[in-house]
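Asks: Spelled out from the first residue to the last, the chains are:
Number of protein chains: 2
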Amino acid sequence: MMVLITYDVETLTPEGKRRLRHVAKYCLSYGQRVQNSVFECLVDPVQFKQLRALLEKTIDPSKDSLRYYMLGSNWKKRVEHIGAKETYDPEGLLFID
Amino acid sequence: MMVLITYDVETLTPEGKRRLRHVAKYCLSYGQRVQNSVFECLVDPVQFKQLRALLEKTIDPSKDSLRYYMLGSNWKKRVEHIGAKETYDPEGLLFID
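Here the protein sequences come in this chain order: A and B. Under the working numbering, think of the first position of the first sequence as 1, with each following residue one higher. Under the working numbering, think of the first position of the second sequence as 1, with each following residue one higher.
Worth flagging that the hints you see were computed from the coordinates, not collected in a lab. Since the structure is predicted, the reported quantities are computational estimates derived from the model, not experimental observations. Check the hints yourself; a few may be wrong.
Intra- or inter-copy, both count: the list cannot distinguish identical chains.
To be verified - The list that follows gives simulated cross-link-like pairs (lysine-lysine, PhoX-like), each with its CA atoms no further than 20 Å apart:
#	residue 1	residue 2
1	K17	K63
2	K17	K77
3	K85	K17
4	K63	K85
5	K49	K77
6	K25	K77
7	K76	K17
8	K57	K85
9	K25	K57
10	K49	K17
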C-alpha cells in the first residue's frame with residue numbers, strides 16, 4: 001500500500017535537529033523522498049507498523065507532528081507533480097536486479 | 001473534493017522567500033494549513049483550477065515544486081495525525097455562520 005508521510009519537526013534546538021535527522025532517515029529506509037518533509041512509502045502492513053513505531057518513538061509529540069495519508073491502490077492517479085525535482089516511480093524499484 | 005497540496009520552495013534568496021509567502025497565502029485562502037508546507041483544501045473543480053493557476057504562476061518551476069494529492073470522497077478515513085498541532089475538521093467550516 002502507498003502511504004504518504006509528511007512531518008513537521010521543530011528544529012530550534014540541537015535535540016530537534018537530531019529528531020529531524022532520525023525521522024528523515026527512517027522514512028528514507030522505507031520510502032522515497034518527494035519533497036523536503038514529504039515521503040511516499042510503498043509498504044505492506046507489517047512494514048508500515050515498523051516504520052510508524054520508529055517515527056512515533058522519535059518525535060516529541062508536544063512539538064512535532066506526523067501525518068499519514070493512505071493513498072490506496074489507485075495512488076498513481078491521485079498524484080500530480082509540478083516543477084523541480086520530478087521523482088522516480090517507487091514501484092520501478094521492483095525491477096532493479 | 002479534498003486536495004492535499006505540498007510544496008517545496010527554495011528560499012535562499014529574497015525572491016524565493018517572496019514566492020514562499022505567496023504560495024502559503026494562496027493555499028490559506030482555499031484551505032487549511034495542517035503542517036508547515038502541507039495544506040488540505042476542500043475545493044470544487046473550479047476552485048481547484050483557480051488555485052492551481054495562482055500557484056503555478058507563482059513558483060519558479062526550475063527551483064520549486066508542488067504536489068497535488070486527490071484524496072477523494074473518503075478522505076477522512078485516509079488521514080491520521082500524530083503529535084503536535086492537531087487540526088480542525090475543514091468541513092466544520094461549513095457550519096460557521
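Asks: Give a verdict on every hint.
Replies: The hints, checked one at a time:
In this assembly of identical chains, K17 and K63 lie within 20 Å of each other by CA distance solely inside one copy; the values are 12 Å within and 24 Å between copies. Taking the closest pair of Cα atoms, K17 and K77 never come within 20 Å of each other, the shortest separation being 35 Å inside a single copy and 31 Å across copies. Proximity of K85 to K17 under the C-alpha cut-off of 20 Å is restricted to the inter-copy arrangement: shortest distance 19 Å between copies versus 24 Å within a copy. In this homomeric assembly, K63 and K85 come within 20 Å of each other (Cα to Cα) only across copies, at 8 Å, whereas the closest approach inside a single copy is 29 Å.
In the homo-oligomer, the alpha carbons of K49 and K77 lie at most 20 Å apart only across protomers (17 Å), although the nearest pairing inside one protomer, at 25 Å, exceeds that limit. With identical chains, the CA atoms of K25 and K77 are never at most 20 Å apart, being 27 Å at best within one copy and 27 Å at best between copies. With identical chains, the CA atoms of K76 and K17 are never at most 20 Å apart, being 32 Å at best within one copy and 31 Å at best between copies. In this assembly of identical chains, the alpha carbons of K57 and K85 lie at most 20 Å apart only when taken from different copies (18 Å versus 30 Å within one copy).
For the homomeric pair K25 and K57, the shortest alpha-carbon distance inside one copy (14 Å) is at most 20 Å, but the shortest distance between copies (33 Å) is not. Taking identical chains as interchangeable, the C-alpha atoms of K49 and K17 are never at most 20 Å apart, the minima being 24 Å within one chain and 37 Å between chains.
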